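Visitor: Spelled out, the chains give:
There are 2 protein chains.
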Amino acid sequence: MALLDILFGRPLASSEDLSERIGPWAGVPLLGLDALSSAAYGPEAGLTLLIPLGLAGVHFIVPIFSAIVVLLLILFFSYRQTIDAYPMGGGSYTVATENLGDGAGLLAGAALMTDYVLTAAVGISAGVGALVSAAPSLQPHILGLCLLILAVIFVVNMRGLRQSGVAFMLPTYLFVGCMLAVILLAIFPVVTGGHPRFVVAPPRLPPATAAVSLWLLLKAFASGCTAMTGVEAVSNGVQAFRDPGRPNAKRTLTIIILILIALLAGIAWACKAYGIGATDPDGPGYQSVLSQLTAAVAGRGIFYYVSIGSILLVLAFSANTAFADFPRLTGIIASHDFLPHVLVSRGRRLLHSWGIYALTALTALLLILFGGVTDRLIPLYAIGAFLAFTLSQAGMVAHWARERGPAWRWKLLMNGVGAVATGSTLVVVLVAKFAAGAWVTTLVVPGMIAFMALVRRHYRRVRLETAEDKPLRLEGLSEPFVIMPLDRWSRITERGLRFAMTLSKQVQVVHVDGDEDEGAFEESWRRNVAEPVSAAGLPVPALVHLRSPYRYLIQPLVDHVLRVSGEMGERYIAVVVPELVVHNWWQALLHNQRAQLLKLMLLMKGNGRIVVLNIPWYLDRPV
Amino acid sequence: MALLDILFGRPLASSEDLSERIGPWAGVPLLGLDALSSAAYGPEAGLTLLIPLGLAGVHFIVPIFSAIVVLLLILFFSYRQTIDAYPMGGGSYTVATENLGDGAGLLAGAALMTDYVLTAAVGISAGVGALVSAAPSLQPHILGLCLLILAVIFVVNMRGLRQSGVAFMLPTYLFVGCMLAVILLAIFPVVTGGHPRFVVAPPRLPPATAAVSLWLLLKAFASGCTAMTGVEAVSNGVQAFRDPGRPNAKRTLTIIILILIALLAGIAWACKAYGIGATDPDGPGYQSVLSQLTAAVAGRGIFYYVSIGSILLVLAFSANTAFADFPRLTGIIASHDFLPHVLVSRGRRLLHSWGIYALTALTALLLILFGGVTDRLIPLYAIGAFLAFTLSQAGMVAHWARERGPAWRWKLLMNGVGAVATGSTLVVVLVAKFAAGAWVTTLVVPGMIAFMALVRRHYRRVRLETAEDKPLRLEGLSEPFVIMPLDRWSRITERGLRFAMTLSKQVQVVHVDGDEDEGAFEESWRRNVAEPVSAAGLPVPALVHLRSPYRYLIQPLVDHVLRVSGEMGERYIAVVVPELVVHNWWQALLHNQRAQLLKLMLLMKGNGRIVVLNIPWYLDRPV
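Protein chains in written order, with our numbering: chain A, 921 to 1543; chain B, 921 to 1543.
Do not take every clue at face value.
Because identical chains share one entry, a pair is satisfied inside a single copy or across any pair of copies.
[As the list claims (entries may be wrong)] Simulated crosslink set (EDC-like; lysine to aspartate or glutamate; CA at most 20 Å straight-line):
1. K1390 <-> E1414
2. K1425 <-> E1399
3. K1525 <-> D1479
4. K1525 <-> E1487
5. K1425 <-> E1487
6. K1139 <-> D1295
7. K1390 <-> E1451
Calculated from the structure, these hints are not laboratory results.
Keep in mind that this is a model prediction, so the values were computed, not measured.
Given only the sequences and the hints, what does the whole structure look like? Please build it.
Guide: Here it is in structure tokens:
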């Protein structure tokens, strides 16, 4: 236990729940890392699709990101309303379930779970990808580095909510500070001198190879929309905040959205002003947009390396938002019987530990399958997020239509605009990215929904079969019929037989005939059991011999117990299994595991009236 | 079970034991393959060390193999005596244990077990090595081929003694026939024409690079002695023969030794007469001695390829002798408590199945560790055999000195000569091969002896602690104190409680307080249990609440049971654990495994007075 404590911290009592909660400043890294890190790849993703337009393409980045900023503002206002309406955590799953029904809820839940797993895998591999493009000698270790970062995130998260919020504070605010500084450094010469000033000139943009088309711009917009994933995390995690929860959550959301808008708008504007475009990621001399921009305004000094370092960290640790939300989400879904109940229970650090295990395992699986390079997963990634956005907004519309309350028409309108905007974006992203892999989502999400429905059906059936509304029945409380296997007379079997005789007046001892001398066994039985018991005037246990032509020992016993159970009708059969318990595993290898095997076979083949009693004999610990 | 039957044959009844036994003609392949296959590599091993002597070296092969043939004859006569004296199987282990004590027996046992494992690994890899040198395109698949052959030998052996004897008859007698034909073809022109006649001339021998030395000849002799391993198999397996066992075993031994002497003497003579020496196994143009000889007397026609094919088969399947004897040997050793008892029991095909599993696993391990090329193991290999020979002969000397009987002085003399001859050979082999790897044996064998001594000590202690010579004690047969954990009222727990109440008047129900409403639980308890039981005039079970600040469920229960057990003194505690049993593994994932975990923890931390009762509830199978 000591090692567990060092690695993951001491266990937390249920009463310490409140002290584990966080305020806005820890909330931003915990729930905002995913959203904020989008600033590092959203503009790049958009600009990459504009490469064929050459210099002209760079000019389109401003209108595209203006549209994205407007969408962000709509989401901002509608999620504020969601936080107010669902202070217990109003993720898309909850909002959709409560307002649009189980089907919509499951769709949102499946979309979000997919999104979180992809966020974790893509975030880590993007961070490692950036690191490797800075230090190419690390190329052979991509997968190892990915799994190392996953392990770090896992350990930090197992230490609890508060500690993981604090742990990621430094890289988050360092990143935000650096990026804002870059933007200000970019704006200053333009405002004061009227034109940009280059410390290091960016590579020249290639000549245009294609004409502008609406389809191209739509695809660039769809790619840029990956910048909006992660925005919903705060509304999901309202319960993580300390009192007053709702205001703290809304404050956190405001901080995250404002910073994100500033970064996206600033970077888009600066790219246009400085004529910085994306370079071919597969070509030689690839350099990220933010690297070009930072070098252009601040040169390649210490500041450059600190900024690039903070980008790497934020990308790699953006996976953490998934870890903050996924276990909470699966916990809520499981509490509705749609996922294994183990996801509901909170472990030693007050976390949904099994959700963390599941996310870590799924992320590791994706990373290993794709060898740590998850570029091909990126198209899948925005779909889940926008599907969840749309369902959440639509659910809120239904919510206001039903609940009404003060100014409900305005609120309905706001969420309605949000639903339409995110819904149309979803369609655009789906169409633009369908061939590139978004079709996978249309297989995975229905599969998950079917699985969740099956799980619920199983739980429902179990509950129906086992629920008891009647009090304890007291009729027919008769002694069980006791069966005990006996190979040879020993202290172990003596004790088993003594216990068997306390349970019932009807005890049957079963002996499987083997190669040894059966006469000696009969004699031992007569001398050690039959005679003393009959002399004491007690009912003598019956001795039954079983034949085993093929030298099997377990099977004849199990068959016999089943046969007796069939004859006994409603009466319980208690099978007494004496067992030797040894200290270490190597001692266990020296003894047959017949008792274990017999218990297992009786459990597998038995019925509800066959009860197994385990009488342990501890070596070196005589009773 | 059907698949098992197809692969390994139907189960055999104990009464079918006799019909599984074999006669001499099946005995030769079963117990003689190892010895006979030596003819394929013994002369080669001796000649390889004589390469530096050039043509002169070839002349020394005749005196060296004359010495080996004399040794073989000595072993032949002494093992005939051993078979007579130990009709129950007189392996070195038995003879050494009974006549020289446990220490010598363990030494012989360890030596033989090492020898058998090495025989299996080296045999298979030699066969594959020969195959690969004939078809170099198989080079990348060496390990795969080795494991494939191991699997074939495993399956054949699992089908039983008789079937494996029959399965290897064809390759064995084909090999013997071909080799005898080669020798006759070699002799004929020399006898009729006075000088050899070459169909295909062998490669010219290289010039001498060293002078003759005693050390060199001793090393060649030591290498040639690998030709004698496997001779002891028959004396170990007397019980495998059908009645009359001893004459059949002796007849088998005679056939094996006569064929082996004919082959070794014939090959040695022919090599000298035809001037055929070994070629450098690592050099280009390597060709085995038997390949050169066969080509020289019969050309490279169909006969050549059949002969070479039969050599490959016999080498690869020489591992089978180890499979025939190792399980029998470990069974005898285990019956003396020196190895896990599971090795004693005979499986569904009347075999010591666990011995076969162990040998297969160890052989596979060696093959995998050495990548299928086990040349480096060859030096280790004769040591075990000669150590066992020497101990067996020495044991027989002690046997005659004690038992006397008719003509005992002659028999003692014969075994004494055998002991001295094999003992000196052991010293020669050990010294000649020490640096080449024989030193490993001096570490492994004492380690195995220490392990076996530990195993026996454990079994002795268990027997001492558990043996019971007194009859059943009947005083103090009091009802147990029953404890049942209860999370919520359900049919499962209702049934558990009913059963608990049949066991004892003192039932304690334990509830771990969780986050849910405890008032509702109290109310349910009062309505469903306390009131009806007290209305019926029965003793009401006590309800105990356990607090669990860290949300652990198992630990408070286990702690409580241990505490109660401490208070109860000698009285038994029966812990009733109701458990839901589901159909498939995926359903098991949907339910917590608390019942399993509780049972395991109670077994690990409990004491001999804590008895666990498992009350299963089968889904879909209501009682």
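Visitor: Hints the structure violates: just list their numbers, smallest first.
Guide: Hint check: nothing fails, all pass.
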